[in-house]
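Please build the complete structure, drawing on both the sequences and the hints.
Chains C and A are the protein sequences, given in the same order.
Residue numbering for the first sequence is 15 to 429, as defined by the working numbering.
Residue numbering for the second sequence is 15 to 429, as defined by the working numbering.
By construction, these hints were calculated from the structure, which means they are not laboratory data.
Here a beta-carbon is modelled for each residue, glycine too, at the ideal position from N, C-alpha and C.
Just so you know, not all the hints are guaranteed correct.
[Said to hold, decoys possible] Just a few of them, taken from the derived set where beta-carbon distance is under 7 Å, the chain C residues facing chain A:
no.: 1; residue: 17
no.: 2; residue: 70
no.: 3; residue: 121
no.: 4; residue: 268
no.: 5; residue: 283
Protein chains: 2
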Amino acid sequence: MVSRTAAALAAASPAIAEAHFRAEATPYHPIERPDGYLNLGTAENRLLGDLLTAWAAELPPVTEQETRYAPLHGTALLRERIAALLTGTYGAPVDPEHLVLVSGASAALDVIASVLCDPGEAIVLPAPYYGAFDTDLGGRSGARLVPAPLRSGTGFALELEPIDRALRLAARAGATVRAIALATPANPLGLVHPADLLRDLVELAAAHRVHLIGDQIYAHSVFGSRPFTALEAVGGERVHTVWGFAKDFGLPGFKAGVLHSTDPEVLAAARALAYFAPVSTGTQAVLARLLADPVRTAAFLAENRRRLAASCAAAAAQLARHGIGHLPAEAGCSLWIDLRPMLPAPGFAGEQELWRTVADRLRVNILPGAAFHSPEPGWFRLCHPLDAGLVAEAVARLGTLPRRTGAAAAEGSPR
Amino acid sequence: MVSRTAAALAAASPAIAEAHFRAEATPYHPIERPDGYLNLGTAENRLLGDLLTAWAAELPPVTEQETRYAPLHGTALLRERIAALLTGTYGAPVDPEHLVLVSGASAALDVIASVLCDPGEAIVLPAPYYGAFDTDLGGRSGARLVPAPLRSGTGFALELEPIDRALRLAARAGATVRAIALATPANPLGLVHPADLLRDLVELAAAHRVHLIGDQIYAHSVFGSRPFTALEAVGGERVHTVWGFAKDFGLPGFKAGVLHSTDPEVLAAARALAYFAPVSTGTQAVLARLLADPVRTAAFLAENRRRLAASCAAAAAQLARHGIGHLPAEAGCSLWIDLRPMLPAPGFAGEQELWRTVADRLRVNILPGAAFHSPEPGWFRLCHPLDAGLVAEAVARLGTLPRRTGAAAAEGSPR
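Set out below in structure tokens:
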């Protein structure tokens with residue numbers, strides 16, 4: 015018999031991880047394994063391998079000093095360099111002393127949720143939202159996640175009214191809401207939230223006296239015309255953000271995430287929690303070297319944005335070619351695609367059935383909207399930053415799905 | 015305002031870490047900073063720098079594949095190689111599927127405690143015990159730690175009777191005891207527990223229907239004549255052990271710890287918790303390469319044992335020269351030294367006063383027995399695996415402490 019928390023976590027293994035490892039175990043190859051899986055389910059940026067390999071080959075080996083104990087919330091050197099990078103990106107000063115480094119953005123989200131919430135307290139999230147938030151924010155902290163459903167008709171664009179309503183409903187039901195959380199840029203939607211709206215969101219959080227948690231993991235992966243606005247640039251107290259190297263640097267295995275907060279009490283508590291999820295000094299040394307030359311880092315990140323834009327455009331063209339709708343994306347690794355016309359049955363039961371068909375018959379791993387608490391069934395997240403041929407093959411397979419007659423016309427297309 | 019757990023953690027920052035970083039900030043140097051700190055407070059093995067640096071220089075750079083997502087409880091390759099190493103050391107088969115890798119032995123202890131204990135449930139530990147167990151085992155899990163005091167007269171050797179009594183007392187007081195935990199080899203005492211006694215301990219745990227948690231972080235750092243007996247070699251169900259690279263490989267910064275359990279339910283829960291404290295794939299790649307050649311690894315570990323033995327003997331000789339008693343050590347990084355004759359006042363208040371004198375006036379960082387829940391005041395942990403000149407300087411300073419007349423004779427010397 016194990017503890018309640020551990021039992022709940024073991025029972026709720028994130029669907030994303032399971033589907034990812036199944037697909038990775040028997041990957042598609044045009045000649046060697048044509049019946050293998052095409053994995054477009056994981057937001058893993060695989061466009062940067064050549065640059066990273068070249069860079070890694072240049073790095074000097076780890077020194078003896080770098081194998082020793084270091085502050086468990088991150089070495090001073092790496093925090094300084096991350097602070098310098100984020101100061102530029104956010105257009106607002108980031109103090110290295112306001113950063114807490116832990117082993118991954120998931121761990122950083124766990125830290126801020128565990129700092130803010132006693133078990134049973136609530137966090138409100140505009141939905142659809144990144145499905146792993148359920149585990150990241152709620153799994154160890156015991157916080158309860160309350161979705162605030164956005165509207166399909168507006169392309170699930172961020173709106174304050176549903177969040178305000180969810181806050182009020184939760185309070186009326188006796189819940190103690192401690193925070194609003196969201197990904198900015200949005201994941202799975204790949205949208206950049208407008209600056210005005212973020213300003214209003216900070217005010218809404220202040221009015222409700224709740225904290226605001228911003229997952230800014232895609233801060234350097236914005237390739238559309240609308241500029242990214244960091245919550246740091248908006249200002250406001252009780253705002254805490256998370257960033258990491260997984261997406262923008264294409265280093266998901268390195269598990270380096272950073273929490274940014276200016277609240278001294280939150281920082282002290284977060285540092286104490288970082289004790290349980292420190293990052294290897296060896297990996298920190300590598301990351302500090304990657305950030306040593308700001309000009310080179312900027313060029314790397316610019317190339318990443320170019321490649322993401324090209325990858326997104328190529329995937330969008332393939333989708334159009336096969337008559338599959340999607341929402342326009344301007345950031346991140348994914349497209350939110352519209353398989354509503356292919357639903358074999360109504361509702362989320364139909365979506366689940368379609369997911370199984372796509373996975374088992376088409377051998378394509380994409381995640382269904384339900385995994386993101388989508389308010390409407392039939393949407394799927396397709397991740398595009400991998401070999402364009404694989405994406406084309408996957409989309410072609412999706413194009414073979416039977417459609418209900420007139421379905422697309424009847425439901426219309428958002429935006 | 016932060017959560018109850020976070021507030022408690024922030025308030026109880028481990029004394030070991032604080033003292034370590036203060037001492038490291040202004041280190042002693044015979045010429046450049048003769049009034050600097052001598053840090054003998056941290057169990058950091060600094061005898062292996064030359065070997066590690068040479069080894070690191072040979073390692074090929076990380077590959078693209080090694081930057082990607084991998085199973086969050088450890089790559090298959092590294093778990094296989096750790097399992098092979100431990101199988102040899104433990105003299106009992108270790109299955110890679112029974113290992114859960116997380117970011118440090120502290121994290122591994124947190125994982126097993128959080129798996130076994132609901133908040134408020136108890137873990138019994140023979141004392142003195144490694145002070146950071148309070149945070150590692152209790153900090154996030156909410157488990158309550160119950161010391162079972164060993165006897166000074168027998169040199170704090172492991173005995174079952176105090177553990178049995180603590181288990182009975184806790185149960186009578188209405189506590190739900192979930193586990194017994196101990197370091198084996200013992201820390202801070204540097205003792206190797208006899209095989210018979212470990213067998214009886216496993217039986218005692220079974221009789222009380224509690225789990226047994228063994229911290230075997232010093233498994234490869236045994237340099238005395240008594241052989242190390244792993245709990246795996248003793249057998250028994252509900253036995254879970256922790257190991258890591260910090261001590262035996264002199265890589266404390268790399269934060270790679272591993273939990274070993276054969277219980278499927280515990281393993282599933284531990285894997286779910288590993289999600290929050292994964293190890294960088296970059297660091298895992300380095301560690302897997304370090305373990306690639308079993309012959310070389312064995313030679314490295316043998317050299318470590320030789321150096322530890324020499325370091326321990328040198329420190330013991332210095333202590334004898336300055337008339338400071340200590341318990342004989344046969345493993346680990348530390349000596350349990352007897353400053354009872356130097357106590358300026360009776361009890362733990364006197365020990366605390368002596369600690370301050372040693373730190374502030376002598377500029378020597380060693381940790382007092384109270385930090386290890388010592389049942390008797392006046393004992394300190396002195397860590398020896400660093401430059402022999404620094405150890406000699408530190409011991410010479412300790413030798414200048416005033417003694418109470420006839421104190422040593424009156425109290426006698428254990429063993």
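Against the structure, the hints:
1. 17: Given a least distance of 5 Å, the restraint on residue 17 (chain C) holds.
2. 70: holds, 4 Å
3. 121: Hint holds; residue 121 (chain C) Cβ to chain A Cβ min 5 Å, cut 7 Å.
4. 268: holds, 5 Å
5. 283: This interface hint holds because 4 Å falls under the 7 Å limit.
Hint compliance for this structure: no hint is broken.
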